[in-house]
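Protein chains: 2
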Amino acid sequence: MDGYNVAVVGATGAVGRTMLKILEERNFPVKRIIPLASSRSKGQILKFMGQAVKVEEAKPSSFEGVDIALFSAGKDISLNLAPEAVKRGAVVIDNSNAFRMDPEVPLVVPEVNPQDIQKHKGIIANPNCSTIQMVIVLKPIHDRARVKRVVVSTYQAVSGTGLEAIEELKLQSKQVLEGQNPKPEVYPHRIAFNLLPHIDVFDETGYSLEEWKMIRETKKIMGDENIAVTATTVRVPVINCHSESVNIETFEKITAEQAREILASAPGIVVMDDPKNNVYPMPAYLTGRDEVFVGRIREDFTVPCGLNLWIVADNLRRGAAYNAVKIAEYLVENKLI
Amino acid sequence: MDGYNVAVVGATGAVGRTMLKILEERNFPVKRIIPLASSRSKGQILKFMGQAVKVEEAKPSSFEGVDIALFSAGKDISLNLAPEAVKRGAVVIDNSNAFRMDPEVPLVVPEVNPQDIQKHKGIIANPNCSTIQMVIVLKPIHDRARVKRVVVSTYQAVSGTGLEAIEELKLQSKQVLEGQNPKPEVYPHRIAFNLLPHIDVFDETGYSLEEWKMIRETKKIMGDENIAVTATTVRVPVINCHSESVNIETFEKITAEQAREILASAPGIVVMDDPKNNVYPMPAYLTGRDEVFVGRIREDFTVPCGLNLWIVADNLRRGAAYNAVKIAEYLVENKLI
Numbered sequence: 001m002d003g004y005n006v007a008v009v010g011a012t013g014a015v016g017r018t019m020l021k022i023l024e025e026r027n028f029p030v031k032r033i034i035p036l037a038s039s040r041s042k043g044q045i046l047k048f049m050g051q052a053v054k055v056e057e058a059k060p061s062s063f064e065g066v067d068i069a070l071f072s073a074g075k076d077i078s079l080n081l082a083p084e085a086v087k088r089g090a091v092v093i094d095n096s097n098a099f100r101m102d103p104e105v106p107l108v109v110p111e112v113n114p115q116d117i118q119k120h121k122g123i124i125a126n127p128n129c130s131t132i133q134m135v136i137v138l139k140p141i142h143d144r145a146r147v148k149r150v151v152v153s154t155y156q157a158v159s160g161t162g163l164e165a166i167e168e169l170k171l172q173s174k175q176v177l178e179g180q181n182p183k184p185e186v187y188p189h190r191i192a193f194n195l196l197p198h199i200d201v202f203d204e205t206g207y208s209l210e211e212w213k214m215i216r217e218t219k220k221i222m223g224d225e226n227i228a229v230t231a232t233t234v235r236v237p238v239i240n241c242h243s244e245s246v247n248i249e250t251f252e253k254i255t256a257e258q259a260r261e262i263l264a265s266a267p268g269i270v271v272m273d274d275p276k277n278n279v280y281p282m283p284a285y286l287t288g289r290d291e292v293f294v295g296r297i298r299e300d301f302t303v304p305c306g307l308n309l310w311i312v313a314d315n316l317r318r319g320a321a322y323n324a325v326k327i328a329e330y331l332v333e334n335k336l337i
Numbered sequence: 001m002d003g004y005n006v007a008v009v010g011a012t013g014a015v016g017r018t019m020l021k022i023l024e025e026r027n028f029p030v031k032r033i034i035p036l037a038s039s040r041s042k043g044q045i046l047k048f049m050g051q052a053v054k055v056e057e058a059k060p061s062s063f064e065g066v067d068i069a070l071f072s073a074g075k076d077i078s079l080n081l082a083p084e085a086v087k088r089g090a091v092v093i094d095n096s097n098a099f100r101m102d103p104e105v106p107l108v109v110p111e112v113n114p115q116d117i118q119k120h121k122g123i124i125a126n127p128n129c130s131t132i133q134m135v136i137v138l139k140p141i142h143d144r145a146r147v148k149r150v151v152v153s154t155y156q157a158v159s160g161t162g163l164e165a166i167e168e169l170k171l172q173s174k175q176v177l178e179g180q181n182p183k184p185e186v187y188p189h190r191i192a193f194n195l196l197p198h199i200d201v202f203d204e205t206g207y208s209l210e211e212w213k214m215i216r217e218t219k220k221i222m223g224d225e226n227i228a229v230t231a232t233t234v235r236v237p238v239i240n241c242h243s244e245s246v247n248i249e250t251f252e253k254i255t256a257e258q259a260r261e262i263l264a265s266a267p268g269i270v271v272m273d274d275p276k277n278n279v280y281p282m283p284a285y286l287t288g289r290d291e292v293f294v295g296r297i298r299e300d301f302t303v304p305c306g307l308n309l310w311i312v313a314d315n316l317r318r319g320a321a322y323n324a325v326k327i328a329e330y331l332v333e334n335k336l337i
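Just so you know, the protein sequences line up as chains A and B, in that order. Its first residue numbered 1, the first sequence is counted upward by one per residue in my numbering. Its first residue numbered 1, the second sequence is counted upward by one per residue in my numbering.
It is possible that some hints are incorrect.
In this list, chains with the same sequence are indistinguishable; a pair is considered to hold if it fits within one copy or across any two.
To be verified - Mimicking SDA-like on lysine to any residue, the simulated pairs with C-alpha atoms at most 25 angstroms apart in a straight line are:
no., residue 1, residue 2
1, K183, V279
2, K276, V201
3, K183, Y285
4, K148, F301
5, K183, G288
6, K148, K253
7, K21, K75
8, K276, R216
9, K183, E57
10, K174, E185
11, K219, T12
None of these hints come from the bench; they were simulated from the model.
Assemble the whole structure, with the sequences as input and the hints as a guide.
Structural data, given as structure tokens:
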């Protein structure tokens, strides 16, 4: 077999670069790689499998002959170009928020609802990063004890915003340490040594779009409209890897020990839970990993059936690029492409 | 009137220094200030009301003639010396965990349960910092709608650990920015650009002592054993001011708008809640303030009566020194001393 023509839209961004890296690492059967970006990044040279490849401007004609198009260039680009790619015969795996809640578009975490991939009509949506790592953990608990309600508070790294936010955190941290007063550019306020309870835009309910994503996407991915989620999403001065404090009420009782066993045997999860020996997941140490790490597993004694968990994952990989490539692999393995 | 002899035990620490500052700022009627510390800090010179005062070693005889002793030097010092101070006629306001859950010792937040001060038998306990800022917000909501259950996740600043932790965060941040690999000293792991879901020691339930403090102290301060609290406490790379994501279930319904009104008219609270204009409390901007700041006030749509809140306060002041001095002021104003 001679492989597939794979386009990566947004190839010069934080997620796009990670997509290229993961395609390489996993030896995805790429015949030709087509890195696409905005006109601003046109002509940039990226490395892929030891070869220099030139970034082209993403436009409708870019998708001629493309088999799989991985999009991660924001909602507007996806709205404009994903239908053009589909029209030209590509299957689009889209990391933006453009199509996630479209009933015609499967929203997929391969460890949770791979079967939904088969219903696609050209576009498959990759969920929000903070949702992905949470549903991977919710799924085995739901299968065993039925999840009733989730209260989640997030601690999200700046890499989720993009490369410019990583630079801003570093620059501002240096400025604060030197006694200067940093000027925010990427975020509305300083992020260095600070917390912003603000991710994406707010609506009239007072919730942010990031919070709504966690609420709505969880139901769709889990295939259960009755799973009640409430969320508070917070940006923290961490470079990469999102963390989440998750309180779960279930219909049936599971103990902390049972939860540990269930999670340890579930796909894509590593239980890291020995707090007395200072063992729990921490974002600074998990960059580059594709698993979801769970620790601080405790019974919540305030309800008959409740658990508290602490979940950490590399948001660029597990929460974005790796999830997208896993969907592409499913298409290939199941001869859906 | 010629004032009181006030001892500050742990005067050279982060909270002790703040106690001295707040006694000054509030013109507390101090006749003589007696800064006490361990033998290590003996002889250090501190400023108080423009005068240089010499730090003495804290020992039983230090409390001869002392009217009020503010302790913030850790549990062991309090266990050893607070009874000695009481024996010599002082009223002790203790910021450690030594006596908080002792049924003979009032645990007081002056905005919540000032009446408990009158029951003291020599020692009054100052609650844990993360508990104080939460109960100040819970109290007016409880009075209006009865609090049933609280799920809290904290984002706690390093100043709560002490001055050495502030230095460690700064040093490690500089090292990470310079590409070095910092060696943790104060915390078991690096705190710069990282999160530690670990505050104080863990017990066999998997909860940390900090989490238990929030659970148990809330009931005692609020005077209601039925308020169910579950907590996940996390150290974040922020210098000062603790933040909390708090989910509250009440027995009676209050809307977000009603909650905003109730909180805005409650003592010691500032509502800072206009997220569409990027207005919400943030720790980097609230050092030096004595109020508790609340924002992101939203209804939780997953339960009939629920709210989500984001609470920030200066943990050294509101969560420790200011609370202690307010207790001392209550003693003076009510002629209890």
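Go through the numbered hints given earlier and state which of them the structure violates, listing their numbers in rising order.
9 and 11
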